[in-house]
Structures are given as structure tokens and as C-alpha cells.
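Model the full assembly from the supplied sequences, consistent with the hints where possible.
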Amino acid sequence: MDKKKKIALITGICVVSLLLIYTLLGFFGLPYAIKNIAPKYLKDYNATLFVSDAKFNPFTFELNATNAELNTTSPLFSTKQIDLKLKPFSIFKKLVEIDIFRLDEPKVKITRDKKANFNFSNFISDDNATSDDKSTSSINFALNNAKIIKGSFSYSDQNLTKPFNVSFDDINYELSSLNTKKNSAGSHIFDSNSSLAHKIDLNGDIKLNPLKIEGNVSIKDFSIKPVAISFIDNDTLNLKNAIINLKINYALKADENATRINLKDGFLNIKGLSLDEGANELSLGELELPKFDLVSKIADKTEAALNLSAINLNDISFKNAISASVKSLNLSDISLLANLNEKSELNATAKLKSIGVNALKVDEADRNLANLKDINASNLNINLANNKTALTLEKIALNGINAPLSKNANANVASAGATNTSFTMDGNKSLASLDELNVKNIELKAKNKDIASVADVGVKSISFDLLKMALNIASVDVNKPKFASELNDNGLSAVSELGFGEQSAKATKAAKHNKKVEKKTENKSASKSKENEFKFDVKNISVNNADIALTHLFEGEKIAHKFDNLFVKVANLSSDFSKPFDAKVAMKSSQKLNLDVESKIKIEPLDVSAKIKLNDTNLPKYFAYAKPFLEASLASGQMSADAQLHYAKDIKADAKVSIKDIRLNGKKTEKLIAFKSLDLEKISFAKNDLAISGVSLNSPFIKAHLSKERKFNLSQIVKEDKNKAKTETKPESKKAASKKDDELKFSVKNFSLKNGEVDFSDASLFMPFATTISKLNGKLTDIDKKRPSSGEFQGVVGKNGFAQITAKLFPFELKQNTDIKLDFKDIDLTDITPYSGQFVGYKIKKGKLNLNLNYSVVDSKLNGSNFINFDSLTLGEKVDSKDAVNLPLSLAISILSDQNNQINIDLPVEGNLDDPDFKYGGVIWAAVKKLFADITLAPFRFLGNALGLGSKDLSSIDFLAGSSELISSEAPKIADFIKLTGSKPKMKLSITPTYSKLDESFYKNKKLDQKINQIIASSGKDYIAVLNELVPNLKDRSEKALREEALKSIEVDKAKLIELANERANAVKEALIKAGLEAGRININDATSSEPKQNTYTSVLMGVAN
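Residue numbers for the sequence shown follow UniProt numbering, so the first one is 1 and each next one is one higher.
It is worth saying that the hints were derived from the structure and are not from the lab.
Every residue, glycine too, gets a C-beta built ideally from N, C-alpha and C.
Heads up, a few of these hints could be off.
Claimed, not checked - Derived CB-CB ranges, DEER-like:
#1 Glu443 with Gly694: 25 to 33 Å
#2 Asp689 with Glu364: 53 to 61 Å
#3 Lys785 with Thr830: 40 to 48 Å
#4 Asp689 with Asp661: 28 to 36 Å
Structure (C-alpha cells):
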């Protein structure tokens, strides 16, 4: 055999041998190694491998293994079958290529024990873990097709606080066309069922150079509960449950210029989210993003655009000390654009078409705080650019707002809305504004009863600078506010009904605490700049057509007050309290009260100026306050007033007041007290000085009636106070501690009374008595503390009687110094027959009464004289009366009557007004009894008739003090004298000139007044001061005592008095001569002094000459 053949044979044998060995190793060796050698090798790793059967075809390069199991401390991996097909010849193309790789029902079980060791940790080498492999390879890898069929994966972690277990079943995964040479990561299809999710699907392609990953992911009913229980620390956050559904198309592209990430047609749904952190609990019924897209580019300049068709949240609740819940929250058409430049400056814009919130509820513990039916907002835009933030919101509306105030009270708002809200912020400013804010139908109710309501509130042009803390508002309009409440001793019932009383107690406690804190921080806060203080400026505030109804519970009476048709306007109100603002009030109440107020107010320093006009034509409604105390009713009455007020350091006021048509009726609607008008022309107040001038009382009327039971009607008006204490202790008098400068100074000038009337009747007598005092007119001079006041009043008594009252007094010290004189003339005595029959037992046939009453009070001591004159008093028939006094009246009249049928009685009285037993009537009655006792003891003392001229008194001619003029009442006597002298031609008349102490007092007072007025004019001192100067050493410093002492030093020349007496005599003589009497028949005697007549007149004595 030649050499070549040997070589060929040997080569053939080697090839066959190698092929045989390759075949044997392929068909038998590799399966044997897999089944027997590999398990031994894995024992070094504390692992066991079991393969039921293994087959390898060395010619087709297909490997099949069945029922393979790999276990460590626990089962790790098992599969029903492994199929692997290789393409070995691709290695010559520098490509490791696997044509097919398939796992049938593979199971992977990863566990971690309580020591934190994984069941695969034996296979991990620490050296390999830390070594750095810097080698590179040019060999590529290709996997043409890989499948996992009905695989499962489970994970168990016992190292966590709560052991975690999860499994994925029915895993189907297919990978195709993975080729690093072609820069392809292949296409992926993945789906699975799991204990975490009902279904997980992944479909996508991967290309490696350039990197491109795209595909779609679908997750159905992914439960986060077991993950949350195991992996979130329960001490901080406890995620109880959530179910997630997700669908999304994704694409990632990366090259040397940029990385682009896109998400398209995304869908996200989260249900049943529940988590808590300590006392905080959050739950979410459902969160849904129906469709969202993301387009982003990451490079030197990063850009991103996110668009969401909607964000829908349902059944949201948050629980803490304050809990909140929302039925639904819906956001639609959301877009976000953002870019980050090379300088890391962020520019972003966000837009949102609409926001809807439904059924918002806020609670505290087991108490509801607020409820909101829905919130709707539209066109929200946010822009961030160049460190500037801008936000705009076209509209926002809140509907159905309800806030319980207490157990039985709540507040309701139908709607509230704002338009064109904006917010801008940059390094220099932070400004929020809105065009208009409207709140409609605000209601406060308690026990289903309306307490307060406002039809609507409109606020326009609002801006707020956050940096300067400055708020500006163009206008605030409050339309048709209403308030109704009862007012009792505890205040407004609405306050307690609404539950504010309970809150005020809490507020008081909080205020005490805050006060302590404020003291601690006072020094710190004082150093802060005023720039940080809150500032505001409101141009106009209007309250339109307000309606306030108050029912005052007063002494068991319900008194209704209605303040409706009320308008209030405030202009230029700001936090700069040094600037004034204007305030106006106008009201035309349905209860006939009209009010207009115009004011200008400055707070620092406080300065208030106001003009007030008031007109009330329904004064009887206020008389309800008097009903608990008076048995009367006010039938009519109205009042008007104009006032101007100013307050700075002190208050100043000027006013004009008019009260008209007052009529007070009794129980039987009879008129008791009335007047046509009371006008106060000017009322001025300044610095504790109240001055009233021009007081005019027109047509006043008083009805005084004494009943058969001798009860006075006016005293019966006042109701008896049944609750009044039986014993009352008088408070100890204390001297006023205030200075004299602080006392109120009060004065009245020019008081006048016109056409007054008093209607008096007495039904207690044996025959009723009635009379009137009418046409009562008079004036009162200045009333003040500096000088005495004087006044004079006149009227008609009965048909023709005349009455006059004059007074001189210090009105604020009536008990210290008072002089009053009352004159009644020609009072027809027949009118008082009921009284004479009742008390003296006789009717009066005829006669007239004249009274001159003089009273003086000094230091509470009364001294008075009562001069009584009966003219032609003639008794009528006798009347049987049990009340009649047992006096010898007929004898008294015959003795007291003079030759002219005149009875003159002078009854002096005295007493102490501070004496609780002092009674004026008792004093008078004691004097009358003494007079009758004197008459009884000396019956002949008054007998005689000097001239025999009948009932006429011609014994004297009366003159007024200091005067020589005949008064009208004396003129008829001249004619009588002519008649007498005519009947007796030889009879001569004697005239005795007289003067009296009245004349001396007149001249003394005249001289003193002249002297006082001269001193006042030169020094400016007041009347009392001058008197004190003239009489410096008198202990008694009363005005009367000072004047009497001053009068003592004034002398009147007797010749002056004699001259006056002679002038009076000559005046009588001239009147007689003028009337026809010869001068020779008249003798004038020497002048002499005489006693005054009726304390008023000085009488020139008339007689028959010798």
C-alpha cells in the first residue's frame, strides 16, 4: 500500500473515529454529562440538579431536556422541557447564533429567608462581583427565536416585617430577531397572569444601534396591596390597597444628539387606593387618565410636552383631625409644555380647559364643618418663563355651599364665583388679581328659622400684592342683606341660636393664651418694618336695601323694631388711618323712621364729622317701653331733628329738634297730657357744656281728675312695682371726686309757653267740680348755674279769672334759693261751691277771690305768706256734709268783712323741706285754725263802718311800689268819690300821702342793681361774684342773704319817699279835680308811712276832712 493511500486511510479512520467520537459524545456524552456530571459539580454550590431525560443531536445541534429541576435550600428552577437549537457555523462570521430556545412550563421560585439570604446566593461569587472586566469582544450574539410557554414565577421574602409572596402564572413570552450585529434587540411579546395582576402583556421591538425601543404594555388589575404590605415601612406609611390598570404605547430613541421618549394613547386607572401615615388616612375610589400623550427630547436643551384628555378622580377622602371627602374631581384637556435650556433655566406652560369638583365635605371629629355641592372652573393657564410665574383662570364657580355652625344652625351659600383671576410673580413683585367676585343667596338659619341672609355680594377689581401685603378693591356691593333676632337681657338671641356663644367661650380662652404669647413677642414684632404690615384700600363699599328686624323682649313685652330700606355707603376706606373716609347712611323705614347721615371719619387721630337728619312720625311704637310702668298709651307723636356732630379731642354738637302732636291717653283713651309742638331751636354741646336756646312749648294740655274714691288720675298712671323690695336702704352719700371742670354745664335760653291748658275736675265732692286754666302763656329767662332764672306765666282761670306766676330761682339748687310769687285775681267763688259745701257746709251765693302767694326757700327752709282777699263773699244755703269743719263761719265772715265787704287774710307759713314730716297742706290748715281761734276769742275787733259807703272800699287809693300813676282798678273809685261829694256838697275829702317799706325796698333794689350792673360791665364778673365782693364777711353765702345784707348798706333819702307820697296825693287830687270836684274841697295832709296792702300796693288814705 503506497504512502498516499496509507495517509488517506489513516485520515479517513481519524475522521471516522472523530466523527464517531463526536457522534457518541453528542448522542450520549453530553446527555450523560447533563444528567450525571453537572449535578456532581453543583454539589459544591449546595445545589442539586435533576434531569429526567436529555437528548442532543450533534448533527442538527438540537438539545432536548425533560423534567429538569434545580434546587438549593429550596426549589429554584424547574421546567417540563428545554429545547435548544444552535447554528454553530455562524461562529465563522463572528456570530454566536441560537436559532431556537424554548422552555415549556418553566417554574422559577426565588426566596429570601429571614436572614436575608436568597436561594440562589450560592451561585454568586464575591470575587466575580468585585472584579472589573475591561475586555472587549468583536463577537456578536444572535437569538432568532425564544419562547417561554406557560411559565410561572414566584417570589417569597420572609425577611420583611410582613412576609411577601407573589407569583406570575401562565407566562408566555416570545423574543425574535435579537442580533447585536444588526443592532437589533428583537421583537418581544409577553403576557402573564399573576397574583399581583390579572394580565400583563408586553409587545415591542428593540434596536440597539441606534437604540430604539418601542412597543406597548398592558397591565390588568395589578394589585399593589401585597407589595405595599411587605416593602413599605408600616411605621411611616401604610399602603393598604390599590388596583392598577395600564395601557400605553411607548417609544424610546437615543443617538449621539438626543434621547427621545414618547408615550402615546396612554391609559391609567387606579382603583381602591388606601393608605395611611399615623393619624392621616387617604383613600381614593378611582383615578383615571383616559388618554395621555408624552413627547420629550433630552439633549442640551430638554423639551417635553404632555397632553391629557382628562384626569378623573372619584370618592376621594382624607381623614385626620380635619377630614375631607370629594365625590368626584374631573380635569379635562390638560396640556403641559416645558423646556430646560443649557443654563438649566426652566420655561413651562400649562393649560387646563375645565375643572369640576362634586360633593366636597369637610368634617372635624364627628362634626360636619362644610359641604360644597360642586366647583367648576375653566381655562386655567400657567406660564413659567425667565424666573417669572404667571397664572390665569377665566372662571371659577362654587355652588351649594353649606356650613353647619352648631347643632341646630347652619350657613348656606347658593353660589360663589370669580372671573379673570390672575397671579404673577417674579423677583420684584407677587401680584394676585381678579375682575369680579360674586356670592349669591347667603343664608344663616337656626332651627329652620331665617336669621340672616344676603341676596348677593359683588366685589370688583380685586388685587393683592403679596410682597407688599397690599389689598386693593374698587368696589364692594352687598345687596338686600336681612337680619332678624330677638334682643333680651342676654343679648341677641341669634348669637346663641347660631352657636356663636359656645365659640366665644373658646375664643376667650384662646385670647388669654394669645395675650401671653403677644407679650413675649411684643418686643420682637416692634422691630419689624411697617412694610410687612397688611394694607388695604377699598374705594367704594355699598350696602343696599338692608332689612334689620329686632324684637326686643322688655319687661315681658315684645317690641318690634324694623330698620328696612337701609342704604350704607363707604368711600375711600384704607389701612392708612390718617386718611379720612366718607360714610353715608340713608333709611326710610316701614315704621316711618327716616334717617340720613353724611359723615367723614379719620381714625388716627380720631376725627369724626357728621350731619344727621332724623324724622320719625311714629313715636307711639317706642311707648311700648313705658307700658310696663304706665297705665297709659301714646296715641300720636312725631319727631324731627337736624344735627351736626364733630369729634376730635372733644365732642361738639349742634342740633335742632322738633316734637309734634304728642297725645298721651288714659286707660279709657281719654286725653291726659298733650302738646301741639315742642321746638328746640338750637342745642349745642361742647366740652361738658350743654346749651339749649329757643325752647317753645305750644298748646300743652294736662287733664287732672280726682275720682269719687279721691284718687288722682295722674298718680294712677304709674303702675305699682310688685317686685320692688319691701325695704330699701339709702345709699351713703359720697362727695363727687371729679373736678369742677368735669361737671356738665347746662343752660337753657328763651323758654316760652304758648296757649297752655289745664283741665281740672273733682268727682269726690257732693256735686262734681270742674274748671280750666286756659290761655296759659309765659316765658322763662336763662337757666344756668351762673345766675338766677326768672320767669313769668299768665293765664285765664275759669271764664274770666286772671292768674300770674312769677319766679326767681336757681334751677339747679331749688332748695338753696328760690322765690316764687303766685297772683290770682277775680276768681269767681261760685265755681268752687262744691268745695265749700263739702268742707265748710255752705254753698257760695256770690263773691270773688284774690290771692297773693309769696314763697321763699333758703337752704331748704320755707318762709311764705299767703294773702287772701274775699270780695263780697256771701254764703248761700247750708249743706249737710260729713267732711264739713265745725267752725263759726258766718260769725267769722261778719267779723272779717270790713266796711267794704272785703275780707283780707294773711297766713304766713314756714317749714323745713328736708323734714320728712313736712306737708304744705298741714301747715296751711294749722294757720287757718289759728285765725278762726283768734276771731272766736275777739269777735268785735273788726266791727265798724267808717264812711258808710256800702260794700265798696273807698278808704284808700292803691299804688304800685315806687309809682305815682293810678292803676286801672282804682279809676272807678274817682267816680264814686264824685258821686259821694255830689250828694254831700259840704263834705271835704282828706288825702293822706303815704309811702311804705315797699317803696323804700324798691329804691334800695334799684340802687343796688345799678351798682351791680356797673361792676359787671367794668370787671366782667358774674352776678354772684359781685354780690360776694360787696358782702365779703357774711357767713351765709346764699344769694338772698347776700342781697339782703348788701341792701342794708344802701340808704334811701326820706325826702325822696315823702316826695313820692306827695306825688301820689297830687295825682289823686288832680284826678278828682279833673272829674269835677273843686280844689277847695280837697285837703292834703302831711305825708306819713303806712303798711303795704296785699304785700303789693301802697294805699293813699282817703277820708273826710274836719
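Results of checking the hints against the structure:
1. Glu443 with Gly694: 25 to 33 Å: 50 Å, violated
2. Asp689 with Glu364: 53 to 61 Å: Holds, at about 57 Å.
3. Lys785 with Thr830: 40 to 48 Å: With a Cβ separation near 46 Å, Lys785 and Thr830 satisfy 40 to 48 Å, so the hint holds.
4. Asp689 with Asp661: 28 to 36 Å: 32 Å, holds
The structure fails to meet hint 1 from the earlier list, while all remaining hints are met.
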